[in-house]
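Residue numbers for the sequence shown follow the working numbering, so the first one is 17 and each next one is one higher.
Source of the hints: derived by calculation from the structure; they are not laboratory data. Positions of the beta carbon are idealized from the N, C-alpha and C atoms, including for glycine. Warning: the hint list may mix true and false statements.
[Unchecked claim] With a Cα cut of at most 25 Å, we get these calculated DMTMM-like pairs of lysine to aspartate or glutamate:
1. Lys117 x Asp127
2. Lys117 x Glu20
3. Lys122 x Glu44
4. Lys122 x Asp35
5. Lys60 x Asp85
6. Lys117 x Glu57
7. Lys122 x Glu19
[Said to hold, decoys possible] With beta-carbon atoms standing in for the labels, derived distance ranges:
8. Asp85 x Arg45: 39 to 47 Å
9. Pro82 x Met17: 18 to 26 Å
10. Phe67 x Val21: 17 to 25 Å
11. Ser89 x Gly29: 18 to 26 Å
12. Glu44 x Pro82: 35 to 43 Å
13. Thr58 x Asp87: 25 to 33 Å
14. Lys49 x Pro82: 24 to 32 Å
15. Glu44 x Phe67: 19 to 27 Å
16. Ala121 x Thr43: 14 to 22 Å
17. Gly29 x Thr99: 16 to 24 Å
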Amino acid sequence: MSEEVIAAIVILGVMGVGDAVWLPAMTERFYRKELPGLLAETPKWVPALGFYVLYAAATFVLVALPALDGDHSLGRVAATGATLGLAAYGTYDLTNLATVKGWSAKVTVVDMAWGAFLTAVAATLAVWIARTLS
Numbered sequence: 017m018s019e020e021v022i023a024a025i026v027i028l029g030v031m032g033v034g035d036a037v038w039l040p041a042m043t044e045r046f047y048r049k050e051l052p053g054l055l056a057e058t059p060k061w062v063p064a065l066g067f068y069v070l071y072a073a074a075t076f077v078l079v080a081l082p083a084l085d086g087d088h089s090l091g092r093v094a095a096t097g098a099t100l101g102l103a104a105y106g107t108y109d110l111t112n113l114a115t116v117k118g119w120s121a122k123v124t125v126v127d128m129a130w131g132a133f134l135t136a137v138a139a140t141l142a143v144w145i146a147r148t149l150s
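Can you make the complete structure from the sequences, with help from the hints?
Shown next, in the form of structure tokens:
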């Protein structure tokens, strides 16, 4: 299996598992309290899946692929991943803070931090595992 295929699979897997742990753990004790009345009782799975595929692809193309092609350090991969995560989650959260009545600044900060962390971890693990297995 090529480095690229391994990296793409790892990114999607880490993001999926990360949010599968984070979201159930945080929804009731944090998100519902901070965003009363704004969250759906049940997520809409098709748009959610669309986000994960799109975002994993962007992380692969913008972070992992250049790292594999350019032999970037894992520190650089983590920093680039964190930057992408901060920008992507920030786009969503800051737009909501600006336009959605009742959106929480606390959610914005926490969610942006989570996006930066998750993307950094996914990209870094993807590059490390791809290099190790290839």
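Just pull the numbers of the violated hints for me, sorted ascending.
2, 5, 7, 13, 14
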